[in-house]
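Protein chains: 2
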Amino acid sequence: MYRTHTCGELRISQTGNQVTLAGWVQTVRKFGAITFVDLRDRYGITQLLFGEELNKLLEENPLGREYVLQVTGVVTERSNKNPQLPTGDIEITVKEFSILNKSVTPPFTIQDDTDGGEDLRMKYRYLDLRRNAVKKNLELRYAVNRSARNYLHEKGFMDIETPFLIKSTPEGARDFVVPSRMNPGEFYALPQSPQTFKQLLMVSGYDRYYQVVRCFRDEDLRADRQPEFTQIDCEMCFVEQEDILEMFEGLIRQIFKEVKGIDYTAAIERMSWEDAMWQYGNDKPDIRFGMKIANLKFPGYVFPEKSAPLVSWHSGFKVFDDAETVVAVAVPGCSEYSRKQTDELTDWVKRPQIGMLGLAFIKCLPDGSFKSSFDKFFPEDKLKVIADAANAKAGDLVLILAGPEERTRKAISELRLEMGKRLGLRKADEFKLLWVLDFPLFEYDAEENRWVARHHPFTSPRPDDIQTMIGQSPVIGNADKYLEHPYARIKANAYDMVLNGNEIGGGSIRIYQRNLQEKMFAALGMSPEEALRKFGFLLGAFEYGAPPHGGIAFGFDRLCAILGGSESIRDFIAFPKNNSGRDVMLDAPSAIDAKQLEELGLVIGDL
Amino acid sequence: MYRTHTCGELRISQTGNQVTLAGWVQTVRKFGAITFVDLRDRYGITQLLFGEELNKLLEENPLGREYVLQVTGVVTERSNKNPQLPTGDIEITVKEFSILNKSVTPPFTIQDDTDGGEDLRMKYRYLDLRRNAVKKNLELRYAVNRSARNYLHEKGFMDIETPFLIKSTPEGARDFVVPSRMNPGEFYALPQSPQTFKQLLMVSGYDRYYQVVRCFRDEDLRADRQPEFTQIDCEMCFVEQEDILEMFEGLIRQIFKEVKGIDYTAAIERMSWEDAMWQYGNDKPDIRFGMKIANLKFPGYVFPEKSAPLVSWHSGFKVFDDAETVVAVAVPGCSEYSRKQTDELTDWVKRPQIGMLGLAFIKCLPDGSFKSSFDKFFPEDKLKVIADAANAKAGDLVLILAGPEERTRKAISELRLEMGKRLGLRKADEFKLLWVLDFPLFEYDAEENRWVARHHPFTSPRPDDIQTMIGQSPVIGNADKYLEHPYARIKANAYDMVLNGNEIGGGSIRIYQRNLQEKMFAALGMSPEEALRKFGFLLGAFEYGAPPHGGIAFGFDRLCAILGGSESIRDFIAFPKNNSGRDVMLDAPSAIDAKQLEELGLVIGDL
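Protein sequence lines, in the order shown, are assigned to chains V and C.
Numbering of the first sequence is given in the numbering used here, commencing with residue 1 and proceeding in unit increments.
Numbering of the second sequence is given in the numbering used here, commencing with residue 1001 and proceeding in unit increments.
There's no promise every hint is true.
[As the list claims (entries may be wrong)] Cβ-Cβ distance ranges computed for the label pairs, FRET-style:
no., chain 1, residue 1, chain 2, residue 2, range
1, C, K1306, V, A591, 44 to 54 Å
2, C, K1306, V, E139, 49 to 59 Å
3, V, E418, C, N1061, 57 to 67 Å
4, C, S1473, V, E118, 38 to 48 Å
5, V, E118, C, A1173, 28 to 38 Å
[Unchecked claim] Okay, derived cross-link-like pairs now, SDA-like style, lysine to any residue, Cα gap no bigger than 25 Å in a straight line:
no., chain 1, residue 1, chain 2, residue 2
6, C, K1123, V, M182
7, C, K1136, V, V212
8, V, K155, C, Q1014
9, V, K284, V, S193
10, V, K257, C, D1159
11, V, K155, C, E1009
In short, the hints are calculated from the structure, not lab data.
All C-beta atoms in this analysis are idealised placements derived from N, C-alpha and C, irrespective of residue type, glycine included.
With the hints as extra help, turn the sequences into a complete structure.
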């Protein structure tokens, strides 16, 4: 061993002991005939003192930043203590030293506030990983990993490894495929998740399964998506939805406690998908702050049971009269926004990412009067009705969007989040959990005039809806009236866990009956032959005593990022890929040898 | 929840309690008006009693094997207790039952001694996994996983996940590759191990790393090889060989203790590679039994310091006189083997897998006399010299092989293992660990007249050999005399952990100096450009203060198999592939859609 102690562990009680340390040179400071060196390793920093004698040797062998150094010396009390450092009471009076390896000057500083840009840091990821900020992220990640494993172990879950070289059955996202040399012309696929395997393990009676497992999706990358990502993947037998919710509330509470030191004892809210869309315009609402949506006008088929103040108004204001949907949020304390500020917000909603044609607003002035951007169409008493619907108080600014339902609802959700951010209502150190329940089981695919699974094809309908699904044909006779088809109302027995407006986990009670699973595949437009070819093993398994079961998967990267108070999952992955799916450090992907291609029986096509 | 208790937990103290169980029907036994059912889940088996009233309902809804059943009833003391079962003192007097799912008749019995053949069991792996024997294997695997993680955590190791989509740098084994749709014509590779990443993590100062990680090798499959397999992968900073050996002796001792209940307190033997080859003909000797090799004759360049009794004999027995190598083992207590038995052994060594031309033997008879298959060439006193060299006692049978060094040494090793097996000396419940050390760093590749890395190109030479490696040119001037090249004598700073004749782990102290790593790549025939293209990131990393480091990887599948007393790793993998690399349950690999190929810009070539 090159050391007797780490750079983080020596204390004043060890004064007088001879020790050997090894680590990296963080800083070198010369004071006349003596030199101070801060020596760094994973565990901390210890100050070294090179006295006059050694200083000569140092002049012959000068130390630089990031040199790897081994020193032997005596633990000495510091005259000038540093209370910021756990080792700050002592220093090592060096007797011998050895330079284990040199370093050229790093392309950026190894400090929390580094001067390195993202591209440079990705290329030299092994240096970026030295920075304390990145190290803390990976330590947090390991702590979450460990805490989750411990909890699941205590609850009787078994880690069972599932295969990575599986069969390509693209549903939804694209598979990464792996050509088989031994079976020319054939391909494995990398798993998008171990979904069918964990279900088979339930059929096999393993009762409680978990895995911290890599998954792969060949999607066009958006910001903060990675082609490979990690899930905490779990499944249980003989459970209903409530059992899963309780079990995994326990998991997340334990993680909060062990990793963040937070006693999350509050009840975890539950909200139906419909309420989430109605109140927040979003199926993963950030409930750290209010600003719920006022639904002033909306198409009845989307929220059939609701009513709204504007539905029956004909104000003459075309923007509202012609819109399918009119929604508003009250922004607290912003009634005094200047023209410049409201213009800026208008520009913000008109950006292509949001896609609105404009922004209307009502200023609820402190004196109780109202001023709006559409005064000439709406008398003040009507403005008050809108302001009241949005729960606005004197001093608030009501922002109103109008347009087609889907886009407008998404836009008001984005606007709400943006205003929450600007007002500091989305605090990185505040955590609010939420279950979103009762999703629609199906979405409608207009292009193919058929249903697609909102979650995945193994999600069970809610118990009340099973008979509807089995009893009715999935065929959509009249495409215009697809919303009247009984399948449009079927709810999924599914649940998403949302943390601060991010989906951190999702799952469902699964189908375990062959006939129901076949019906699901049929609803998705699969012929019986195609269903058998792709999922024959699962349909087969359901014939041999499949138990009721369900599960959940947590997005491990995202969970860590949010717990770490960051927006970017990349900061929590040791070797991430960039937004083009490239590893710029390795320079991967890359061309392969002609011999490799030949062995695989592949030719690169005309592109 | 479909149950209040599992099928493994009810005891006589719970008599009188009403409970609900759910599980699989193991057996149904009718006795007149009553029926007994054994209900099974992961945790055990509980007997159910259906009385007269329910029996009528049972007749209308008959139960079959593997039906999924939910019952509510009262815990009752059994009159006829079953001491074999933890739940054997009680049964459930059923009050209500519900068939949750039916089962068709399984293609084989779900029992320890199933009637299902391997192919059938692989196709219906989800049923095979229900068998207690397979379940116990996966439970053992999880226990090893858990024990290893706990040990490494306590020792300050961090689980850090490394990427699966990396760069293809085939050295040794073939890479599986993954075409990139976003970067047409380019490929990722799946890692053969996280070797370079864990080294980069050391360069980054993470000090102690571990991962239980999937690895991939596209090799022609031999029996009991899998294209994907799992490693317990570890790396440490600032260590020398001895530190690693001690750390991982601790790991294996903890696994023995926690998983097998075995206190492996004995010192773990250490043996040089040369001694292993000399005494056992094998670099992973099974030291549960003796029968060490007598080296009667051998080429001096292989074991230059040794001498042997036969080297200088000219007996007239051409088989020995012409052979490069003559080796023997003494098989205890077999001197009375019949002609039929020695003929059978002769046939055994003549099989193509062994490839010997014949077998010579000496019977050391109980009366102290000797009889051999080559009496006419060797007088009895010379037979005695050979028998003594083989440590044979009266009553032993000395088996002798002669031929070319490499093949003959391999053959005597195989013969020794075979005889050990036949004599019951290789007990599945006896465990003997061994470190093999001081491997040659290089092997010679005659075809390309260059060196190849025996372990991998990142293994450091032993400290004494570093100067030889840096100072000398790797070029082999005279191919015939490659053994005289200084590189032929360089020893690796590497170690294998051997358990019962199987390599369960291996590793090395790594190169961390750029100039030494460049020399290694040059020795392997790589041009500086090629080295930079493939491993530029690593050579770069070595310029920024790379610390001394080393590590080890355990073959997790094999370790579990041996601890489970099995020869087959497949029995310890939930969803293994067959010997052709196919998953017969999924039917993978398989053809993919033309659209997928097109998106990847690939054409299946003319095969």
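The hints, checked one at a time:
1. Restraint check, K1306/C to A591/V: a C-beta distance of roughly 50 Å satisfies the suggested window 44 to 54 Å.
2. A C-beta distance of roughly 52 Å is found between K1306/C and E139/V, which places it inside the suggested range of 49 to 59 Å.
3. Our hint of 57 to 67 Å for E418/V and N1061/C holds, since their Cβ atoms are close to 60 Å apart.
4. At about 43 Å, the beta-carbon gap between S1473/C and E118/V stays in the expected band of 38 to 48 Å.
5. Against the hinted window of 28 to 38 Å, the Cβ-Cβ separation of E118/V and A1173/C comes to about 35 Å, which satisfies the hint.
6. In summary, the hint linking K1123/C to M182/V is supported, as the alpha carbons are separated by about 20 Å, within the 25 Å threshold.
7. As the CA atoms of K1136/C and V212/V are separated by approximately 22 Å, the hinted pair is consistent with the 25 Å bound.
8. About 22 Å separates the Cα atoms of K155/V and Q1014/C, which keeps this hinted pair within 25 Å; it holds.
9. For the hint pairing K284/V with S193/V, the CA-to-CA distance comes to about 21 Å; that is within 25 Å, so the pair holds.
10. With a CA separation close to 20 Å, the supplied pair K257/V and D1159/C stays within the 25 Å bound.
11. A hinted pair counts as satisfied when its Cα atoms are at most 25 Å apart, and K155/V with E1009/C qualifies at roughly 15 Å.
No hint from the list above goes unmet by this structure.
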